[in-house]
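With the hints as your guide, set chains B and C onto chain A.
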Amino acid sequence: MPKLPILGDTSSISENGLAGFDHNFLTGKIEDLVKWSRTRSMWPATFGLACCALEMMATGAAHYDLSRWGMEVFRASPRQADLMIVAGRVSQKMAPVLRQVYDQMMEPKWVISMGVCASSGGMFNNYALVQGVDQIVPVDVYAPGCPPGPETLMHAILQLHEKVENGEITRRRQEMGAGAGIMVEQRDGQTASKVIIGKRE
Amino acid sequence: MSQETERSRPEDEEVETAERVYRRGEDSAILRLSESQVQSYNPEDDRRMVINMGPQHPSTHGVLRLSLEMEGETVLRSKPIIGYLHTGMEKTGEQLSFLQGPTNVTRMDYSSPLFSELAFSLATEKLLDIEIPERATWIRMLMCELNRMSSHLLFQATNGMDIGAVGAMIYGWREREEVLRLFEKITGLRMNHNYIRPGGVAADLPDGWRDDTLQILDNLPDRLDDFDSLFTGQPIWHERLQGVGVINATECLALGITGPLLRSTGYAWDLRKDIPYLRYEEVDFDVLVGSYGDCFDRFAIRLNEIRESMRIVRQILEKMPEGDYRIQDKKVTPPPRSRIDESMEALIHHFKIFTEGFKVPAGEVYVAVESPRGELGCYMVSDGGPKPYRMHIRGPSFTNLQVLPHMLQDCLVADAVAVISTVDPIMGEVDR
Amino acid sequence: MSDEETTEGVEEIDDPNDEEIPSTVSHGQNVLHPTRENLLEVIENLRNEGFAVCIDVTAVDYLENPKRDLPITVKPERFEVVINLLSHTKRERIRLRVQVPEDEPTLPTLFDMYPGSEALEREVHDLFGIHFEGHPDMTRILMPEDWEGYPLRKDYAVGEIPVQFKEAPGS
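Residue numbers (this note's numbering), protein chains in the order written: chain A, 47 to 247; chain B, 5 to 436; chain C, 0 to 170.
Derived by calculation from the structure, the hints in this document are not laboratory data.
Heads up, a few of these hints could be off.
What the hints assert, rightly or not - Derived DSSO-like pairs (lysine-lysine); straight-line CA-CA distance at most 27 Å: (1) LYS66/C to LYS130/B; (2) LYS89/C to LYS363/B; (3) LYS391/B to LYS89/C; (4) LYS66/C to LYS335/B; (5) LYS130/B to LYS363/B; (6) LYS391/B to LYS189/B; (7) LYS356/B to LYS334/B; (8) LYS74/C to LYS335/B; (9) LYS66/C to LYS363/B; (10) LYS74/C to LYS391/B; (11) LYS277/B to LYS74/C; (12) LYS335/B to LYS89/C; (13) LYS323/B to LYS189/B; (14) LYS391/B to LYS153/C.
As the structure is a prediction and not an experimental result, all values here were calculated from the model.
Extracted from the complex, chain A is given alone in its bound form (with noise of 0.2 Å):
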């Protein structure tokens, strides 16, 4: 039998069967090793915004440590990111910046929607908050309360690994018609104009 310079001394599998080799190994399919490190090495993008933004960095902190997860590394630049969580209201004035942070997200992206403001707008139901981000930015999880406890962020995260773990790893959202996109008619109240925030041309 050849000598195999990756397998070592192969000369007891003829034997031994496959309990004869020096290495260790593992089989799977290419794509489960992909999903699998993409699950491990998540690396959230800063944008915490208001109340919400306090217990994501609580959830990173000590106490309920996320690097348990490989996911403590929250990097200032969107384009290292992996992950937006979006933690806590968002304004009009603050929309088309979340919109332009998304889209220097590399893909693939996912986003989290933590606390009911970024979910739906909460209570607070007028003129000057975007009810509800997905009209903004595709959602993966959203996660509830007000704002969410780090148990609540963190099963929200979990829910995303299982998520990405079982999903398709080639998927592109904007050819799904995943939220993103979608043109919103922000209605102020009072004038007719209207803001409108989704695709640019």
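Showing chains B and C alone in chain A's frame:
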């Protein structure tokens, strides 16, 4: 540096000039250009440029945006651009009844939510002309001082992180968690408590609150000493903070600055001491002042105010009276749960209070409390109905932000981070 | 509530040559009612009296409820700008309520006396549409620059969006 000093007023000292904050034109520290003008602004001097910082920036404490006019690495003029967290809370406040009001205002200053609730409740009570029970007053004081501790611990965490000492964040959050755990036990929530309400507080203190509080008070001093050994005496820390972002008392007064920023200039002004509310005249504590008005003084004042708050909390533990935690005024307080099962009237009354709310006599009032950031005021106008006709919160961060351009002038862009951090603005309160 | 009595603190402030500034006491707090014309003069005097800090500038829109607690001599208008001053030496507050008519919502700026009023006045301008003459930077502060309307006016709708149950996009 920060110990009790005698009351000093500006006339006692040599006159400091505040001329620079009155400037209007090009020589002012404020870059008075609108957002669109800034983008097309092209200075004649080639060495100058305008750079944008924020609103999504790791060290601007939330969604603060700054336009900085730079010459090399030196900041010449700057302007804070705010409104990225404008939530329309004052408009929403007009839609909510007086009982629901604290739910709304508590989300303004999210690092010290109980103070906004307190200001709102005090204003409503003043309009109603009611006197709340002793125990409720002392519970309010207890919660507020604990909240001041957690807020200043948060400052230590974020300030350290902004300047590059990530360890501070770990320690600051660890200590803050202890306080938040107590809050969760007492109010049911870690943040945004809606605990202090017109007429008293939402619930009585739970069993074991005294032991839990004592545990915090016993653990914290050692850990605060850790902060001292890690930061206060450290040469790098001195280099980064001392002599940076200096402001004097006269300028602070002209700009309407309150809280630790004002006290860092050596001007002892604390509403708890000077215009006491609740029962602050019955507890003994010191007002801490700095002497240089720089970033280091502001850091040291906040660190030591945690110790003062602990002192106050210990006294509150001794003095906490027995009694009711909310006023037994049927107009304001819903009937107890047990009465609802027995009496139809109680059920109707309960339903009415929570659907319609209680009516508050017409009038207008301004009430202020000392929040960890300065004077937090509530201006309330009632037209006799169950909802405020106008509810305005005077957030200390909003006014304090005006000092930024003056502090930033002629300092390096790297120091700008330290300056912003020690002003400690909470954007929720700035934009409301 | 609307006692017309003048408190001691208020009497001192008035210059004997001037006509008396109408004043009220609301829940133990002193309130002055200057007109737009003599506002700066009154504030100048107060500042010399020791009211060194301008704590707050805000406004109220009395569109829906024109009745309010005012001295008889003061003619109610739609807007009311409320200025809170604080004296550290006296440990005292005083509130000024200035009537601002709807058809000409302007007021002189306090910037030259209290530079700290800059942001506060901008906020009032942004949310109520009251113009402060002589202000160095009269632009919107909280809302986007191209926003139309003044949100805290009473004729400006809250802008509630009814909650509709709809299919999640892309599901």
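Each hint tested on the structure:
Our distance criterion of 27 Å between C-alpha atoms is met by LYS66/C and LYS130/B, whose separation comes to about 20 Å. Taking the CA atoms of LYS89/C and LYS363/B, the gap is about 35 Å. The hint is violated against a cut of 27 Å. Distance check on the hinted pair: LYS391/B and LYS89/C sit about 34 Å apart at the alpha-carbon level, beyond 27 Å; violated. For the suggested pair LYS66/C and LYS335/B, the alpha carbons sit about 25 Å apart, so the restraint of at most 27 Å is met.
Using a Cα cut-off of 27 Å, the hinted pair LYS130/B and LYS363/B holds, with the two alpha carbons roughly 13 Å apart. At most 27 Å may separate the alpha-carbon atoms for a hinted pair to count; LYS391/B and LYS189/B exceed this at roughly 30 Å. Restraint check: the Cα-Cα separation between LYS356/B and LYS334/B comes to about 11 Å, which is no more than 27 Å; the hinted pair holds. For the proposed pair LYS74/C and LYS335/B, the alpha carbon gap of about 34 Å is over 27 Å, so the pair is violated.
Using a Cα cut-off of 27 Å, the hinted pair LYS66/C and LYS363/B holds, with the two alpha carbons roughly 17 Å apart. With a C-alpha separation of about 26 Å, the suggested pair LYS74/C and LYS391/B falls inside the 27 Å cut-off, and the hint holds. Distance restraint check for LYS277/B and LYS74/C: the Cα-Cα separation of roughly 39 Å exceeds the 27 Å cut-off, and the hinted pair is therefore not satisfied. The suggested pairing of LYS335/B with LYS89/C is violated, with an alpha-carbon distance near 37 Å, which exceeds 27 Å.
Among the hinted pairs, LYS323/B with LYS189/B is consistent with the structure: their alpha-carbon atoms are about 21 Å apart, no more than 27 Å. Between LYS391/B and LYS153/C the CA atoms are separated by roughly 14 Å; this keeps the pair inside 27 Å, and the hint holds.
Checked against the numbered hints above, the structure breaks hints 2, 3, 6, 8, 11, 12 and satisfies the rest.
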